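Asker: Chains as they are written, first to last, in our numbering: chain C, 1 to 157; chain V, 1 to 157; chain S, 1 to 157.
Misleading hints may appear alongside valid ones.
[What the hints assert, rightly or not] Subject to a maximum C-alpha distance of 30 Å in a straight line, what follows is the list of computed DSS-like cross-link-like pairs (lysine-lysine):
id : chain 1 : residue 1 : chain 2 : residue 2
1  : V       : 43        : S       : 48
2  : V       : 27        : S       : 48
3  : C       : 59        : S       : 66
4  : V       : 27        : S       : 42
5  : S       : 27        : C       : 27
6  : V       : 42        : V       : 61
7  : C       : 42        : S       : 61
8  : V       : 27        : V       : 59
9  : S       : 66        : C       : 43
10 : V       : 48        : S       : 48
11 : C       : 61        : V       : 61
12 : V       : 43        : S       : 59
13 : S       : 42        : S       : 27
14 : C       : 48        : C       : 59
15 : S       : 42        : S       : 61
16 : S       : 43        : V       : 27
17 : C       : 59        : C       : 42
18 : V       : 48        : V       : 61
19 : C       : 61        : C       : 42
20 : V       : 66        : C       : 61
21 : S       : 61        : S       : 48
22 : V       : 48        : S       : 59
23 : S       : 48        : S       : 59
24 : C       : 61        : V       : 59
25 : C       : 43        : S       : 61
26 : V       : 27        : C       : 59
27 : C       : 43        : V       : 59
28 : V       : 59        : S       : 27
29 : C       : 66        : S       : 66
30 : S       : 59        : V       : 27
31 : S       : 59        : C       : 42
32 : V       : 59        : S       : 43
33 : S       : 42        : C       : 66
34 : C       : 61        : S       : 27
35 : C       : 42        : S       : 27
36 : C       : 27        : V       : 59
[Claimed, not checked] The following label-pair restraints were derived from C-beta to C-beta distances:
id : chain 1 : residue 1 : chain 2 : residue 2 : range
37 : S       : 46        : V       : 155       : 32 to 42 Å
38 : V       : 130       : C       : 56        : 12 to 22 Å
39 : C       : 57        : V       : 40        : 35 to 45 Å
40 : V       : 99        : S       : 102       : 42 to 52 Å
Please keep in mind that the hints were generated in silico from the structure rather than gathered at the bench.
If you're wondering where the values come from, they're calculated on a predicted model, not measured in any experiment.
All residues carry an ideal CB built from backbone N, CA and C; glycine is no exception.
Okay, here's what each chain looks like letter by letter:
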Amino acid sequence: MAESSLYSLDNEVFRVYLTYAVVLVLKMFFIAFYTSFVRITKKVYANKEDFGIGYPEEKAKERISKGNDRVERVRRCHLNDLENIPVFLVIGLLYVAINPVASTAILHYRIFTAARFIHNVAYLLPLPQPCRALGFTTGVLVTASMGIQILRAAAQF
Amino acid sequence: MAESSLYSLDNEVFRVYLTYAVVLVLKMFFIAFYTSFVRITKKVYANKEDFGIGYPEEKAKERISKGNDRVERVRRCHLNDLENIPVFLVIGLLYVAINPVASTAILHYRIFTAARFIHNVAYLLPLPQPCRALGFTTGVLVTASMGIQILRAAAQF
Amino acid sequence: MAESSLYSLDNEVFRVYLTYAVVLVLKMFFIAFYTSFVRITKKVYANKEDFGIGYPEEKAKERISKGNDRVERVRRCHLNDLENIPVFLVIGLLYVAINPVASTAILHYRIFTAARFIHNVAYLLPLPQPCRALGFTTGVLVTASMGIQILRAAAQF
Numbered sequence: 001m002a003e004s005s006l007y008s009l010d011n012e013v014f015r016v017y018l019t020y021a022v023v024l025v026l027k028m029f030f031i032a033f034y035t036s037f038v039r040i041t042k043k044v045y046a047n048k049e050d051f052g053i054g055y056p057e058e059k060a061k062e063r064i065s066k067g068n069d070r071v072e073r074v075r076r077c078h079l080n081d082l083e084n085i086p087v088f089l090v091i092g093l094l095y096v097a098i099n100p101v102a103s104t105a106i107l108h109y110r111i112f113t114a115a116r117f118i119h120n121v122a123y124l125l126p127l128p129q130p131c132r133a134l135g136f137t138t139g140v141l142v143t144a145s146m147g148i149q150i151l152r153a154a155a156q157f
Numbered sequence: 001m002a003e004s005s006l007y008s009l010d011n012e013v014f015r016v017y018l019t020y021a022v023v024l025v026l027k028m029f030f031i032a033f034y035t036s037f038v039r040i041t042k043k044v045y046a047n048k049e050d051f052g053i054g055y056p057e058e059k060a061k062e063r064i065s066k067g068n069d070r071v072e073r074v075r076r077c078h079l080n081d082l083e084n085i086p087v088f089l090v091i092g093l094l095y096v097a098i099n100p101v102a103s104t105a106i107l108h109y110r111i112f113t114a115a116r117f118i119h120n121v122a123y124l125l126p127l128p129q130p131c132r133a134l135g136f137t138t139g140v141l142v143t144a145s146m147g148i149q150i151l152r153a154a155a156q157f
Numbered sequence: 001m002a003e004s005s006l007y008s009l010d011n012e013v014f015r016v017y018l019t020y021a022v023v024l025v026l027k028m029f030f031i032a033f034y035t036s037f038v039r040i041t042k043k044v045y046a047n048k049e050d051f052g053i054g055y056p057e058e059k060a061k062e063r064i065s066k067g068n069d070r071v072e073r074v075r076r077c078h079l080n081d082l083e084n085i086p087v088f089l090v091i092g093l094l095y096v097a098i099n100p101v102a103s104t105a106i107l108h109y110r111i112f113t114a115a116r117f118i119h120n121v122a123y124l125l126p127l128p129q130p131c132r133a134l135g136f137t138t139g140v141l142v143t144a145s146m147g148i149q150i151l152r153a154a155a156q157f
């Protein structure tokens with residue numbers, strides 16, 4: 001394949017990357033809306049205007065400062081996604097440029113995606129450790145593996 | 001247009017993407033510096049060394065633990081940008097690869113950017129809900145719309 | 001160089017970008033694992049299941065709500081990376097598309113990377129201000145400089 005077409009839909013690795021990239025982003029959005037859902041059902045918001053017009057300000061302040069364990073758990077889960085998924089999206093995209101063996105690349109994309117789903121489920125239920133730690137670490141190692149292959153390809157050129 | 005030139009300045013969609021991408025990043029930086037500005041004017045920092053040499057450590061600790069509502073509001077606004085803008089930057093870039101109709105693509109980029117400005121203004125003033133929720137949700141829906149088009153293009157190939 | 005090959009390993013600017021992008025991501029991962037390391041050595045976690053099976057729940061709750069200054073410092077350092085590095089990764093990648101002079105581009109990538117290392121060291125030791133502020137601001141200015149060059153290139157086309 002000509003190098004110039006690596007970032008085109010003709011390239012299977014790029015097509016697979018596109019698919020997993022979008023799946024991961026939609027998953028992140030799900031967690032974002034789930035946070036809102038938990039806030040609404042628990043009536044625990046971070047801003048006084050979120051309680052609605054007419055809600056007593058003193059009571060709003062009290063609920064804000066008290067917080068809620070469930071909301072904080074979902075937020076930490078979301079923040080962990082934020083630490084890992086945008087970085088994967090970029091490294092996974094750059095990985096396409098070194099024209100990796102398709103099966104190897106697809107394996108990286110799949111394992112990362114599976115690891116993030118495991119991490120999220122382990123965080124939200126929660127499952128006993130080390131489930132969550134394994135999901136997190138696997139995701140980091142897959143991204144690092146792509147990173148190291150990129151470094152070597154750029155250096156060997 | 002040849003697929004190989006989608007990521008070049010010859011491609012109008014890519015040029016428009018570049019413009020909005022940079023505008024959004026500069027906007028994020030504005031919020032970051034605004035956070036510092038509010039911290040300095042309120043003299044509420046997160047680290048004891050930020051109070052300057054000679055500031056009594058006990059007093060610094062007290063101010064850190066007390067915090068400030070305004071600072072926390074700006075921080076939450078910034079964090080929401082961080083949840084949404086980097087993901088948009090990647091998905092918007094990948095969207096160029098499926099060679100969308102220029103007017104449709106430009107509309108997506110414009111609405112997202114407008115939605116984020118509305119979100120930020122609604123958060124910082126603040127405006128009554130659902131202004132902020134609408135800004136946030138519109139941004140997510142625009143990104144999801146691009147994502148779904150990418151999924152379909154990658155699957156149909 | 002033909003525009004179609006800007007995102008190939010033939011392009012020196014892209015190769016240098018790839019190298020610094022991966023170095024920055026590996027640095028971020030180091031901070032992420034360092035956070036876990038500090039949590040484990042201080043035995044201060046954010047979730048009750050992290051204390052391990054058999055740890056008294058009341059005691060876990062107490063340690064969670066008390067927190068730890070060192071853990072919070074490392075977390076803020078990580079969060080600042082998260083604010084700046086993914087955005088740099090995208091803007092740095094887009095910068096390749098405007099085919100900048102190689103020496104200028106490489107200087108941007110190098111200064112940004114150095115600035116983030118300075119920021120992290122200044123945050124974690126900590127060094128007195130304005131070391132950390134300089135590291136942070138330099139990183140932002142480098143990213144903004146690339147952004148403004150992108151805006152001009154897209155507008156002049």
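Asker: Which of the listed hints are not met by the structure?
Answerer: The structure conflicts with hints 1, 2, 4, 8, 12, 16, 26, 27, 28, 30, 34, 35, 36, 39, 40, although it agrees with all the remaining ones.
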